[in-house]
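Just so we're aligned, residue 1 is where the sequence shown starts under full-length UniProt numbering, counting upward by one.
Hints in this document: simulated from the structure, not taken from any laboratory. Any given hint could be a false lead.
[Said to hold, decoys possible] Here are the simulated SDA-like pairs of lysine to any residue, each with C-alpha atoms no more than 20 Å apart in a straight line:
{"hint": "1", "residue 1": "K498", "residue 2": "N79"}
{"hint": "2", "residue 1": "K279", "residue 2": "P320"}
{"hint": "3", "residue 1": "K309", "residue 2": "E467"}
{"hint": "4", "residue 1": "K358", "residue 2": "G100"}
{"hint": "5", "residue 1": "K210", "residue 2": "P190"}
{"hint": "6", "residue 1": "K358", "residue 2": "L181"}
{"hint": "7", "residue 1": "K210", "residue 2": "E235"}
{"hint": "8", "residue 1": "K210", "residue 2": "E257"}
{"hint": "9", "residue 1": "K162", "residue 2": "K182"}
{"hint": "10", "residue 1": "K466", "residue 2": "L310"}
{"hint": "11", "residue 1": "K205", "residue 2": "N231"}
{"hint": "12", "residue 1": "K478", "residue 2": "P319"}
{"hint": "13", "residue 1": "K512", "residue 2": "R113"}
{"hint": "14", "residue 1": "K358", "residue 2": "K317"}
{"hint": "15", "residue 1": "K515", "residue 2": "K140"}
{"hint": "16", "residue 1": "K85", "residue 2": "E107"}
{"hint": "17", "residue 1": "K521", "residue 2": "K140"}
{"hint": "18", "residue 1": "K240", "residue 2": "R200"}
{"hint": "19", "residue 1": "K175", "residue 2": "R293"}
{"hint": "20", "residue 1": "K182", "residue 2": "I157"}
{"hint": "21", "residue 1": "K515", "residue 2": "K205"}
{"hint": "22", "residue 1": "K478", "residue 2": "E467"}
{"hint": "23", "residue 1": "K515", "residue 2": "R113"}
{"hint": "24", "residue 1": "K140", "residue 2": "L255"}
{"hint": "25", "residue 1": "K317", "residue 2": "T481"}
{"hint": "26", "residue 1": "K162", "residue 2": "K523"}
{"hint": "27", "residue 1": "K265", "residue 2": "S275"}
{"hint": "28", "residue 1": "K87", "residue 2": "D164"}
{"hint": "29", "residue 1": "K498", "residue 2": "N455"}
{"hint": "30", "residue 1": "K309", "residue 2": "G100"}
{"hint": "31", "residue 1": "K521", "residue 2": "D164"}
{"hint": "32", "residue 1": "K521", "residue 2": "D82"}
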Amino acid sequence: MGKQPSAWITTQQKKRWPLMILLLLSLSTLMAFLIRSTFDSCSNGSSNNVGNFIREGQAEEKGGTHHQVNHNDEAPTPNPLDFMKSKLVLLVSHELSLSGGPLLLMELACLLREVGADVVLVTNQKQTESDDIIYSLEHKMLNRGVQVFSAKGQEAIDTALKADLVVLNTAVAGKWLDAVLKEHVADVLPKVLWWIHEMRGHYFKLEYVKHLPLVGGAMIDSHTTANYWKNRTRERLGIKMPETYVVHLGNSKELMEVAENRVAKLVLREHVRESLGVKNEDLVFALINSVSRGKGQDLFLRSFHESLKLIQESKLKVPPIHAVIVGSDMNAQTKFETELRNFVSQNNMQGRVHFVNKTLTVAPYLASIDVLVQNSQARGECFGRITIEAMAFQLPVLVCPVISNRNSSSQSTYSLSLFILTKQCNHFFLFWVLLLIAFIIQGTAAGGTMEIVVNGTTGLLHPAGKEGVMPLSNNIVKLATNVEKRLTMGKKGYERVKERFLEHHMSERIAKVLKEILLHKAKRHSES
Numbered sequence: 001m002g003k004q005p006s007a008w009i010t011t012q013q014k015k016r017w018p019l020m021i022l023l024l025l026s027l028s029t030l031m032a033f034l035i036r037s038t039f040d041s042c043s044n045g046s047s048n049n050v051g052n053f054i055r056e057g058q059a060e061e062k063g064g065t066h067h068q069v070n071h072n073d074e075a076p077t078p079n080p081l082d083f084m085k086s087k088l089v090l091l092v093s094h095e096l097s098l099s100g101g102p103l104l105l106m107e108l109a110c111l112l113r114e115v116g117a118d119v120v121l122v123t124n125q126k127q128t129e130s131d132d133i134i135y136s137l138e139h140k141m142l143n144r145g146v147q148v149f150s151a152k153g154q155e156a157i158d159t160a161l162k163a164d165l166v167v168l169n170t171a172v173a174g175k176w177l178d179a180v181l182k183e184h185v186a187d188v189l190p191k192v193l194w195w196i197h198e199m200r201g202h203y204f205k206l207e208y209v210k211h212l213p214l215v216g217g218a219m220i221d222s223h224t225t226a227n228y229w230k231n232r233t234r235e236r237l238g239i240k241m242p243e244t245y246v247v248h249l250g251n252s253k254e255l256m257e258v259a260e261n262r263v264a265k266l267v268l269r270e271h272v273r274e275s276l277g278v279k280n281e282d283l284v285f286a287l288i289n290s291v292s293r294g295k296g297q298d299l300f301l302r303s304f305h306e307s308l309k310l311i312q313e314s315k316l317k318v319p320p321i322h323a324v325i326v327g328s329d330m331n332a333q334t335k336f337e338t339e340l341r342n343f344v345s346q347n348n349m350q351g352r353v354h355f356v357n358k359t360l361t362v363a364p365y366l367a368s369i370d371v372l373v374q375n376s377q378a379r380g381e382c383f384g385r386i387t388i389e390a391m392a393f394q395l396p397v398l399v400c401p402v403i404s405n406r407n408s409s410s411q412s413t414y415s416l417s418l419f420i421l422t423k424q425c426n427h428f429f430l431f432w433v434l435l436l437i438a439f440i441i442q443g444t445a446a447g448g449t450m451e452i453v454v455n456g457t458t459g460l461l462h463p464a465g466k467e468g469v470m471p472l473s474n475n476i477v478k479l480a481t482n483v484e485k486r487l488t489m490g491k492k493g494y495e496r497v498k499e500r501f502l503e504h505h506m507s508e509r510i511a512k513v514l515k516e517i518l519l520h521k522a523k524r525h526s527e528s
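Could you put together the complete structure from these sequences and hints?
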């Protein structure tokens, strides 16, 4: 906003406060509109609406805004995926692992099996008998009635040709089309749903996604990622995205059962804390993600170290605080993880920082901690599943919202605005102006996690990179010293999960997309 001339202010002295109030109301209305249009992707007019996806063509017709389809938030009876009964579905993954993409695909396999679909899962990954993780995941699928075999060979080709639906999971899985199907690619593309989770630039290669414009549709976990893919494929590769659907994820019934069982949570909390050597009254801040530089464990530990110093220097009376890194690989001992452990040793934090091996089951750790830290760097998380899982356990979250592009100017402006907002602002009007600036920048370019978290209500924000170390440290201290704020944020987060991030919400959203893909396939077949 520009400054008003001083003469105008003088002549309007008596009217200044009424005008100020009016201006603030206008700003509040504008901010509400911006926040709603950007973040509230699961509802339109009511907080109890679900079933949200966008169509790229319609978005362009409306000047780039997303078209959303909403449906009443009622427990679906019958199951919204019932129409998939007896249909043959082929799921293609580049690997079986404990990372987000493969786990989501396996979850989809289980949802489809529950309604009687015939599900086949194939993977390009080279398996070794010593890989216990792959062995365990394959047997979990087999126990659910999902057939599992190699993505290469005639069996995979025959299944793809017969299938009613083919789901490619992640951009990397696109290599499978030419490598295996070869001359049959054109026959399969109309029934392909491409489920994309990546936010990294190195996935934008023609060898991966050259067939993307010709598939039945693309399904992406957040509006931020959908916009990112739309822009990058057009600008970098010169290709157009197919019909694109945004589908937010939901927590499984199994996880919610644990999250809502007070006795189970107490038992898990006691067991995990005992194994870590942490007392019941201690405060635990945890980052649950595969250990890698992009997930920001190094910056989190620097923030944690600063918070320990701040507590000591300010002589704050708080329980002992601990940092837990869940997602370590004790066997691999990568260079990055070695750096993390050395930092802990050099700063004498061995009794305050705990490393836990990567695991398929996160519920015990969510039950045992007090605050979740989501600190992904670069372009951030496509969605951030662990965030809604933590909110289900009534945990506040400390989140790093990340700029989706590499524009250093916008990153710096956002970081400055966010940094100012984390400080005490004595001028009420200036506070609202800065808040508006921050939301404008954040609303157009924030990471996928920002479609989950409500700043100040379910969690607190901090900037990315080194600029975020001290703000995150301050947020750690803020929650460590204010038990009421922790509990209130946790309760609000749980309510938000119940409104829009449950399994039946996700099933209904996915059902809408699958119906669209099947209709697209039928239309293409009739035209040919």
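Results of checking the hints against the structure:
1. K498 to N79: holds, 18 Å
2. K279 to P320: holds, 9 Å
3. K309 to E467: Measuring from Cα to Cα gives roughly 18 Å; hence the hint holds.
4. K358 to G100: holds, 12 Å
5. K210 to P190: holds, 14 Å
6. K358 to L181: violated, 35 Å
7. K210 to E235: Holds, at about 14 Å.
8. K210 to E257: Roughly 42 Å between the alpha carbons, so the hint for K210 and E257 is violated.
9. K162 to K182: Roughly 16 Å separates the two Cα atoms, so the pair holds.
10. K466 to L310: Distance ~17 Å between K466 and L310 Cα, so the pair holds.
11. K205 to N231: holds, 14 Å
12. K478 to P319: holds, 13 Å
13. K512 to R113: holds, 17 Å
14. K358 to K317: Given that 20 Å is the threshold and the Cα spacing comes to 33 Å, the pair is violated.
15. K515 to K140: Measuring from Cα to Cα gives roughly 27 Å; hence the hint is violated.
16. K85 to E107: holds, 17 Å
17. K521 to K140: violated, 31 Å
18. K240 to R200: holds, 18 Å
19. K175 to R293: Outside the cut-off at roughly 26 Å; violated.
20. K182 to I157: The given pair, whose Cα atoms are some 9 Å apart, holds under the 20 Å limit.
21. K515 to K205: violated, 29 Å
22. K478 to E467: holds, 18 Å
23. K515 to R113: holds, 17 Å
24. K140 to L255: Given that 20 Å is the threshold and the Cα spacing comes to 17 Å, the pair holds.
25. K317 to T481: holds, 8 Å
26. K162 to K523: holds, 17 Å
27. K265 to S275: The given pair, whose Cα atoms are some 15 Å apart, holds under the 20 Å limit.
28. K87 to D164: Holds. K87 to D164 sits at ~6 Å (cutoff 20 Å).
29. K498 to N455: holds, 18 Å
30. K309 to G100: Measuring from Cα to Cα gives roughly 35 Å; hence the hint is violated.
31. K521 to D164: holds, 9 Å
32. K521 to D82: It holds: about 19 Å lies between the C-alpha atoms, which stays within 20 Å.
Violation of the numbered hints given earlier is confined to hints 6, 8, 14, 15, 17, 19, 21, 30; the remaining hints are satisfied by the structure.
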